[in-house]
Amino acid sequence: METLFFAIITLVAVVSAILVITCKNPINSALSLILTFFCLATYYVMLDAPFMAAVQVMVYAGAIMVLIVFVIMLLNVRVDAHKKQTHKVALGCIIGLFTLINTAFLIFKSRAAMPMGPYNGSIIKQIGHTELIGKEMFTTFLLPFEITSILLLVAIIGAVILAKKKI
Amino acid sequence: MDMITIPAVNLTPILPEIILSVLAMALLLINVFVQSSKKTYLSYISFIGVVGTAVLVGSGWGTHIESFSGAVVQDNFATFFKMIFLLAAGLAILIADQYMEREDCNHGELYPLILFTVVGMMLMAAGTDLMTIFLGLEVMSVSLYVLAGFNRANTKSNEAGLKYFLLGAFSTGFLLYGMALTYGATGSTRISVIATQAGQMGMSSGNILFLAGMLLILTGFCFKIAVVPFHMWTPDVYEGAPTPMTAFMSAGPKAAGFAAALRLLLIAFPTLQADWSQLLWVLAVLTMTVGNITALRQDNIKRILAYSSIAHAGYALVGMAAGNSTGTAGILFYMLSYTFMNIGAFAVIILVGKKGESNGNVQDFAGLGFKHPMLAVAMTIFLFSLSGMPPTAGFIGKFYLFSGAIQKGYIWLAVIGVLNSAASVYYYLRVMVYMYMKDPTEDFAWTKVSAPIALCLVLSVAGTMVLGIVPSIILQYAQEAIKLI
Amino acid sequence: MSIPILSILVFLPLAGCLLLLPAWNCRRLARPIALVVALTELTLALWLYASWKGLAVNPFPQGFLLLEDAPWIPAFGIRYTLALDGISLLMIMLTAIVFCVGLAVSWDSIKERTSLFLSMMLVMEAGIMGVFLALDLALFYLFWEMMLIPMFFLIGIWGHGRRLYSTLKFFLFTMSGSLLMLLAIIALHLLYAQQTGVSSFQLQELLKVQLPLETQLWLYAAFFLAFAIKFPLFPLHTWLPDAHTDAPTAGSVILAGLLLKTGSYALIRFGYPLFPQAAQMMTPLFYSLALIGIFYASLVAFAQQDMKRLIAYSSIGHMGYVAIGIAAWQPVALSGAIIQMANHGVTTAALFCMVGMLDERAHTREIAAFGGLWGKLPLWSFFFLLFAVTAMGVPGLNNFVGEFLILAGTIKSSPLVAVLAFCGIVFPLIYMVRLVQEVVFQKERQPLSLNDLNPREIGILAILALLDIWMGIHPAPLLEMLHVPVQLLTGGTP
Chain A
1009 METLFFAIIT
1019 LVAVVSAILV
1029 ITCKNPINSA
1039 LSLILTFFCL
1049 ATYYVMLDAP
1059 FMAAVQVMVY
1069 AGAIMVLIVF
1079 VIMLLNVRVD
1089 AHKKQTHKVA
1099 LGCIIGLFTL
1109 INTAFLIFKS
1119 RAAMPMGPYN
1129 GSIIKQIGHT
1139 ELIGKEMFTT
1149 FLLPFEITSI
1159 LLLVAIIGAV
1169 ILAKKKI
Chain B
508 MDMITIPAVN
518 LTPILPEIIL
528 SVLAMALLLI
538 NVFVQSSKKT
548 YLSYISFIGV
558 VGTAVLVGSG
568 WGTHIESFSG
578 AVVQDNFATF
588 FKMIFLLAAG
598 LAILIADQYM
608 EREDCNHGEL
618 YPLILFTVVG
628 MMLMAAGTDL
638 MTIFLGLEVM
648 SVSLYVLAGF
658 NRANTKSNEA
668 GLKYFLLGAF
678 STGFLLYGMA
688 LTYGATGSTR
698 ISVIATQAGQ
708 MGMSSGNILF
718 LAGMLLILTG
728 FCFKIAVVPF
738 HMWTPDVYEG
748 APTPMTAFMS
758 AGPKAAGFAA
768 ALRLLLIAFP
778 TLQADWSQLL
788 WVLAVLTMTV
798 GNITALRQDN
808 IKRILAYSSI
818 AHAGYALVGM
828 AAGNSTGTAG
838 ILFYMLSYTF
848 MNIGAFAVII
858 LVGKKGESNG
868 NVQDFAGLGF
878 KHPMLAVAMT
888 IFLFSLSGMP
898 PTAGFIGKFY
908 LFSGAIQKGY
918 IWLAVIGVLN
928 SAASVYYYLR
938 VMVYMYMKDP
948 TEDFAWTKVS
958 APIALCLVLS
968 VAGTMVLGIV
978 PSIILQYAQE
988 AIKLI
Chain C
73 MSIPILSILV
83 FLPLAGCLLL
93 LPAWNCRRLA
103 RPIALVVALT
113 ELTLALWLYA
123 SWKGLAVNPF
133 PQGFLLLEDA
143 PWIPAFGIRY
153 TLALDGISLL
163 MIMLTAIVFC
173 VGLAVSWDSI
183 KERTSLFLSM
193 MLVMEAGIMG
203 VFLALDLALF
213 YLFWEMMLIP
223 MFFLIGIWGH
233 GRRLYSTLKF
243 FLFTMSGSLL
253 MLLAIIALHL
263 LYAQQTGVSS
273 FQLQELLKVQ
283 LPLETQLWLY
293 AAFFLAFAIK
303 FPLFPLHTWL
313 PDAHTDAPTA
323 GSVILAGLLL
333 KTGSYALIRF
343 GYPLFPQAAQ
353 MMTPLFYSLA
363 LIGIFYASLV
373 AFAQQDMKRL
383 IAYSSIGHMG
393 YVAIGIAAWQ
403 PVALSGAIIQ
413 MANHGVTTAA
423 LFCMVGMLDE
433 RAHTREIAAF
443 GGLWGKLPLW
453 SFFFLLFAVT
463 AMGVPGLNNF
473 VGEFLILAGT
483 IKSSPLVAVL
493 AFCGIVFPLI
503 YMVRLVQEVV
513 FQKERQPLSL
523 NDLNPREIGI
533 LAILALLDIW
543 MGIHPAPLLE
553 MLHVPVQLLT
563 GGTP
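Residue numbers (my numbering), protein chains in the order written: chain A, 1009 to 1175; chain B, 508 to 992; chain C, 73 to 566.
These are computed hints drawn from the structure, not numbers from a lab. No experiment lies behind these values; they were computed from the predicted model shown. Treat each hint with caution, since some may be false.
As the list claims (entries may be wrong) - Anything over 12 Å on all C-beta distances counts as not near chain A; from chain B, calculated:
no., residue
1, L563
2, P619
3, S784
4, A873
Said to hold, decoys possible - Straight-line distance between alpha carbons at most 25 Å, and here's what the computed DSS-like set of lysine-lysine pairs gives:
no., chain 1, residue 1, chain 2, residue 2
5, A, K1173, B, K663
6, B, K861, B, K955
7, A, K1173, B, K546
8, A, K1172, B, K546
Stated by the list, open to error - Here are the simulated distance ranges between beta carbons:
no., chain 1, residue 1, chain 2, residue 2, range
9, A, L1019, B, A687, 19 to 27 Å
10, B, A687, A, I1132, 16 to 24 Å
11, A, I1131, B, L518, 48 to 56 Å
12, A, Q1134, B, G706, 44 to 52 Å
13, B, L991, C, A142, 31 to 39 Å
14, A, E1154, B, K545, 27 to 35 Å
Using N, Cα and C, we set each Cβ at its ideal position, and we do this for glycine too.
All chains should be modelled from the sequences, with the hints used to inform the complete structure.
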């Protein structure tokens, strides 16, 4: 049952991802992207990570996509009539296919044992997923968490410098 | 629910980062109150800050302190690289002011961004956790994207910023994916834990997850250090970015990429050495050859140095492919020498250039040797050093790297490297031919050399020559720095 | 030894460059400064020559007369080692003389950027002195590359014709060769470190490395390539005619008189002793390249229209004899080769000077432009005849001594080579006679109003002529000086 569900979700994810890059209309692309994000959120749920799923929906499908759609509408992007570049597409398909086959072959070939991380399903159930993330964030990953603040600051400065009309 | 106990935190290892960040934020505030004609003061403040931080970093030599439960470390390796970053930033700050004034984009935000870049680079060199390294890399990259596009009025600069941003973001994807796979294979993001897990479970190239993780991480770093075939962005970005930032970009971030890549490859992935060593062999050959051959056909001096910087990354990769103590210490030494000679060369380019990024072709250097002999002598020293002639720093650096390769048994790699070096001589000499052997096509409208640029030139010449004549001073530090790895 | 006289020899010219700085814009002051520095070098060299017998009483190990040694880059085991023996002493004297000649001959002809010219000459002198004295391979490589840089500027800035092409060609040719040698040096150093656990670049230490034949061949090939380009041996000689022709007179004098000698000297000092078996195996190749060079260069020389180019090609031919003398690796032939290096240095320097002097007067070097100079420039013609006759190898003049010793030594080990080389001696006769006949004796072809030599030029040429005759008549003191090192090199008992 779970496998079937996974297969369906995956199918939707892949098809919508393809639609993102094939749609001529940017709005359609953006909407397909939202669909992809929802599929990803479903994966998180299936992996016992409800918090991540919620974040995925709120941040990506909610905030970022709204921004993208706004920008598209504000800029009033026209649908460009692209020249068809069949041989480039063909080349891309060949490379993609090759990579896919290669990856599949390697994955099926190697079945080495992987070590488990410190948290398995039962511990997550016992303590709670959200709490664990919070705990990790303030213990093991305290420094990276703090660096993120600098990263955001830099990004804000950058946006101001590059985009503001007069500085 | 139990309370979260925050682990004991020793701030010593990240004290330089904290100081620089605080200074950068303070500069942002000060900037608001400084008139646009007096932004020079900001450069003085930030230069003093960089020098002070360098003193602090230098005083930590010889110590080994882990902090944040193993997310960051202060060891000789990190200290050596931090000094390189600070040097690159210091020199870049010295040459920035005059250029930015000339190009009418002397916005005060430049200096905080340079300092933030240094913070990012420092975290990359000191990080012992994949997350620290990744976030350090991001802080560095985001600052650099902005710095590349800093000259907003110039279309080429805009293009550089955008191109760097798109390709950089793309490469970050590779890096992050690689880190995720490595986490999946070993169950940790701590480099030390990865190493022990890989050692215990005997993970080598048979473990596809582990191998793919390494390869993708390597790809990510290869983008940052402009290794062929991931070098496409380099010439355009280097040409378009404001010249002082090009100088900074070609020295600092490259060194940071090597720092993080070395730490990861040598500590986390020693079990895969056979694989990455061979891979780097090929990449080194490609990088050197493509860089040098393409540079032969360039006329714009910034593009020449961009391609030459690709070639130099190739020489450094020779040392990384060797992966032994001589090769890796060679990289440390080479990055330091490269910082001196390359930023020095860019300082001369800034002085020869004119408003609007013009006067940047080799032909514009015609007759420089007799119009401005001292400047030309400095440029000559930098170019000879870049081409690896003794007695300059570039020679000792190459000597070191190729020694490493021969020691490892990669004779052909060394031979290809040396032949490349011979080919590279041609385009460096071409600049000299113009400087000394052709008459100027037009009169030099001479901008006067401001004191900071003069200081930068003096420091660079001194560094290039001292490292070439008495390299022992630095060699022993480089050798000590890689002992831990 | 309290005074580091060898270091003074190397670094005095560099100090001279600093002395030039205050007089940078004053040509009248700069020229004497440079000349005084060069003369001081000459005095030092002659003083060493006068006292070499005294020094030979208590020689350093390996028969060195003087040795200066200090650590330089301990991390790699690179030391600053300079040493002097008979061979290097001869070369040092040649260097000092040729540089005095070079400075004197360009006294008036270099009118622009004189100070830069003079400092380049002095840097060059330091580099060449270093090459002849260095015993540590890393130090040797440093000086070896250091010679290139000033020569690049000398040809490029003050040259004629296609100077940019020539100087780039010269630089790239020599640089590629020496870079491969650098790899071989590193490899040798690492093999030594592997075998003994100590790192060193000193020749005396590296001689102890045990090398399998195959390794030896590869390493020797790298060294040989670098030296053969400088030499220059047949297929690698193409840079030489261009560089010589387009260089200013002083540049040609130094190129022909000294730079070519660094190749042969290094082969004697480093190539053969380090890789004896490989060198032995490569001898047939070496012989044939040298012979081809002799014949080929002579034939090409015959067809030249430009006097400077003709002399340049004759240089290749003459260096072919030096190559044969080295390839025989036998005491008599080797002494002959070394003597011949000095002889050729003096003679060719003189010939290039003379062509330069003529060029300054007539502003052309076309053979066809001249004729009947005997009547118009009697002094010039006299000296030219003398040096041309020397180049032909007439007994009593210095080239004869060298060629005779080389052939006498070679005939024992490989008679065929000696016979062929002997046939080659005829060629210089032909093209030099043609040159002299057309330029000096034939009827005047176009009216040129020329002044004869001035006292400065007479002085230069007279000194060179005296040297030429002295070395031709009485080479015994020089041969005596070479005796011990040559015996040590060829494995005989001194």
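Status of the hints after comparison with the structure:
1. With a cut of 12 Å on Cβ distances, L563(B) stays outside the contact zone with chain A, its closest approach being about 19 Å.
2. With a least CB separation of 7 Å from chain A, P619(B) falls inside the 12 Å interface cut-off, contrary to its annotation.
3. Every beta carbon of chain A lies more than 12 Å from that of S784(B), the smallest distance being close to 20 Å; the non-interface claim holds.
4. With a least beta-carbon separation of about 36 Å from chain A, A873(B) lies farther than 12 Å from that chain, consistent with its non-interface assignment.
5. Between K1173(A) and K663(B) the CA atoms are separated by roughly 18 Å; this keeps the pair inside 25 Å, and the hint holds.
6. Proximity of K861(B) to K955(B) is assessed by CA-CA distance (about 12 Å); at most 25 Å being required, the pair is judged to hold.
7. Only pairs whose Cα atoms come within 25 Å are accepted, and K1173(A) paired with K546(B) is accepted, the gap being roughly 20 Å.
8. Note on K1172(A) and K546(B): the hinted pairing holds, with a Cα-Cα distance of about 19 Å set against a maximum of 25 Å.
9. The supplied range of 19 to 27 Å is met by L1019(A) and A687(B), whose beta-carbon atoms lie about 23 Å from each other.
10. The beta-carbon spacing between A687(B) and I1132(A), approximately 19 Å, falls within the hinted interval of 16 to 24 Å.
11. At about 31 Å, the beta-carbon gap between I1131(A) and L518(B) misses the expected band of 48 to 56 Å.
12. For Q1134(A) and G706(B), the Cβ-Cβ distance of about 31 Å falls outside the hinted range of 44 to 52 Å, so the restraint is violated.
13. Taking the beta carbon of each, L991(B) and A142(C) are about 32 Å apart, inside 31 to 39 Å as hinted.
14. A hinted range of 27 to 35 Å holds for the C-beta pair E1154(A) and K545(B), which are about 33 Å apart.
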